[in-house]
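S.K.: Okay, here's what each chain looks like letter by letter:
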Amino acid sequence: MIKVGFIVNPYAGMGGAVGLKGTDGRIKEAIARGAVRESPAKAIRFLSGLTRKDLLFFTAGGEMGEDELKSAKISYTCLYHPHNPQSDQNTSIYTTAADTIEACKKFLQNNCDIIIFCGGDGTARDVYSCTGAKTLILGIPTGVKIYSGVFATSPESAAKLLSQWNGYSYTDGEVMDVDEEEYRKGNLNTRLFGYAKIPSSSIPCQSCKQISCGDDRRATEEIASFITEIMRDDTLYLLGAGSTTGAIAERLGISHTLLGVDAIYQGRVVGSDLNERQILSLLDHFGKVKIIISPIGAQGFILGRGNQQISHHVLERTGIDALIVVATEAKLKNTKSLYIDTGNPAMNEACGDTIQVICGYRMAIRARLNKEIILSECGPGG
Amino acid sequence: MNTKIILDENEIPKKWYNIQADLKTPLDPPMHPQTKKPVGPADLEPIFPKELIRQEMCQDRYIDIPEEVRDIYTLWRPSPLFRAHRLEKILKTPAKIYYKYEGVSPPGSHKPNTAIAQAYYNMKEGIERIATETGAGQWGSSLAFATQIFGMECKVYMVRGSYDQKPYRKMMMQTWGATCVPSPSPDTNSGRAILAKDPDTPGSLGIAISEAVEDAATHDNTNYSLGSVLNHVCLHQTIIGQEAQKQLDMVDETADIVIASAGGGSNLAGLCFPFVKDKIDGKNPDVEIIGVEPAACPSMTRGMYAYDFGDVAGLTPLLKMFTLGHDFIPPSIHAGGLRYHGMAPLVSRLHADQLIDSTSVYQNEVFDAAVMFARAEGIIPAPESAHAIRVAIDKALECKKTGEAKTILFNNSGHGHFDLSSYEGYFAGSLVDYEYPAELIAESLKKLPAIS
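Just so you know, the protein sequences line up as chains C and Z, in that order.
Following this note's numbering, the numbering of the first sequence begins with 1 at its first residue and continues without gaps.
Following this note's numbering, the numbering of the second sequence begins with 1001 at its first residue and continues without gaps.
For the record, the hints were derived by calculation from the structure and aren't laboratory data.
You may find that some hints are simply not true.
[What the hints assert, rightly or not] Across the chosen pairs, the derived CB separations fall in these ranges:
#1 Gly287/C x Gly1429/Z: 40 to 46 Å
#2 Val1251/Z x Thr228/C: 54 to 60 Å
#3 Ser337/C x Lys1124/Z: 54 to 60 Å
#4 Ala1352/Z x Gly253/C: 40 to 46 Å
[As the list claims (entries may be wrong)] Here are some of the chain Z residues that sit facing chain C, going by a computed Cβ distance under 10 Å:
#5 Asp1064
#6 Ala1296
#7 Pro1331
#8 Tyr1434
#9 Glu1435
Glycine included, every Cβ here is placed at the ideal spot set by N, Cα and C.
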């Protein structure tokens, strides 16, 4: 049996339709503006789409999962009851992020194999703050902001993924921290909060005959193998955030800052978790520089979000040609195009319309490149 | 104006054209994998029949096609030459587009042109069993077809990715009496070694070649057969280009541009070598000859001209060719027949001598062209063949811009009836545009064996 912790943020997504761009701290206002709950219906769509019978559900009381499991006629064990499980639009007491976190703690205490949550980036951050990279998570996108790479594309695709999951295959997904107040003003300030483990299906695409490139870990190892093969002793390498770049460091036998930028020269770390100023200082001492980075988040930000240390000031010194973008095919699968926002429009233009992404051993994909981030069009990924 | 230009059966060429006689620069000899010295006929005799070894090294301009082979060729040859009137109309181009269609053969591609010849010579020398490899299955099914005609056994090592996802090619081989196993397989030392290292590998043509060569070397009365790359394979395929020249003559046309897709190089050689002869002889000196490769595996376009092994395990002789490195496993593009790290030495030599040009194209633009062609001309092409179609269309569109009425000829080397799931992927928008990381290529080729 696969033990599933299932939790619903009943208020996720309510702010979107009423122009609040998120519900963090604004639930009352959203309700006052006439917002309706979207999470419960999407949660039920997910539950109704499950085709396997070997799932053992644990959940939180009332609208945090219990109600939806009841509606879908799925048996469950309720491990946590929020203080006001019957909260509704007529009361002034609502479930909070603290309830999400407490429920997740109970799931972990009961050795859940995976936590499925309905919500947005805020919910992802709350769940991840409990699980870290220890337990797999998967988001059903019901929130306004979906910038994290831990979401399925729809409730149905989440159901399909869980139904086909072998119980152990996983890949990494970024959890993004979005400043909601800035977001409401139209500014997208994101911070890479962490890397969660999300389930991956190892079933090859039968319908389209495409040969499976193997699971994500295998592809990550291939990328690491290739990149370490081409590294030269006369070049300084700036290694960006992420688990894909982390695999390169691991292959070199050196430490790596998961959420930051490190500098490597002749196989040794010469700078850890560098900020922009420190990077610029290093560039004074090295003539040849390459920047190895991986797209971040559901929207595939190469530059400009989550790795702002690699600024246009840095790129003006190294040149755009110094970029080596790495990502597995699985990671690119749901990202129709990648985004670059160097902060310098002329430099953005110089990047062209496509970019080469190393996706395996001596293997690359030509990916489309966007330079404008349109907030309202950022949809769910995963 | 006729749409089909058809030759009579008695006009099937009686000789293959051997371009070795006309090379400006002679081929560098193949080298022994251990001694790194030039291989002689004796080195090849454990796995090839004497006549094919002779043809491999022969400098005669023309080599007779045995009457028994010509007789079997009549099952589908001469293949038709089509004028693509409807495609021209859709493109609104002044160019005249002709294509040779090899999909009329029983296995549905150009491959039996050499499979029949190879099986015949093996049979004549008493060989009872042939081992070979296959990528997408076109070669494996062609050799299965050929060996059953001559009452021989056939063992096909099929690249596992294709084996799993192309069940109908497997069934064709079974129908024609061959045994087909996924490669890497537990049947050979080289297969077992790769499986031990990487049990989930999708395999590659280079791995499958290692297995088939080992099979032939370790089984009594078994020879090896290769569907591309080697000189004698290119030789047998020249029947395509010779027929095409006769057919163009019938409509008073001279080709300005000749295009064929290129994986191992035999399809390109087959259509183009007779035209290269015209270029060398000065009969048609300006004819532009183009090999089209996948961007994912562009050996001529991006590779290095150097000695390299023909297989992953390093069992084959070292060949001087354009290569991406024998340990390069190309990504899983739908044109499985073009997933080969090297290029035929003869094609490579001509490319190095600038007699053959090359270009590479992405998977999605190939399928754009395939669908356009199918909607215009009816025939659903194999993804491999569609590489040539892509460039033919691009050239026709260039003519539209310049107003030139050039004559474009390409080889539609096979039908895509067993590739419809690839089309499904294209329509679903799920095809990935793989490419070879060219800027990093020099670093990735460090492992080529050193030949002084």
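S.K.: So, for every hint listed, does it hold in this structure?
M.R.: Hint check results:
{"no.": "1", "hint": "Gly287/C x Gly1429/Z: 40 to 46 Å", "verdict": "holds (43 Å)"}
{"no.": "2", "hint": "Val1251/Z x Thr228/C: 54 to 60 Å", "verdict": "holds (58 Å)"}
{"no.": "3", "hint": "Ser337/C x Lys1124/Z: 54 to 60 Å", "verdict": "holds (58 Å)"}
{"no.": "4", "hint": "Ala1352/Z x Gly253/C: 40 to 46 Å", "verdict": "holds (41 Å)"}
{"no.": "5", "hint": "Asp1064", "verdict": "violated (41 Å)"}
{"no.": "6", "hint": "Ala1296", "verdict": "holds (8 Å)"}
{"no.": "7", "hint": "Pro1331", "verdict": "holds (5 Å)"}
{"no.": "8", "hint": "Tyr1434", "verdict": "holds (6 Å)"}
{"no.": "9", "hint": "Glu1435", "verdict": "holds (5 Å)"}
Violated hint for the displayed structure: number 5, the only one.
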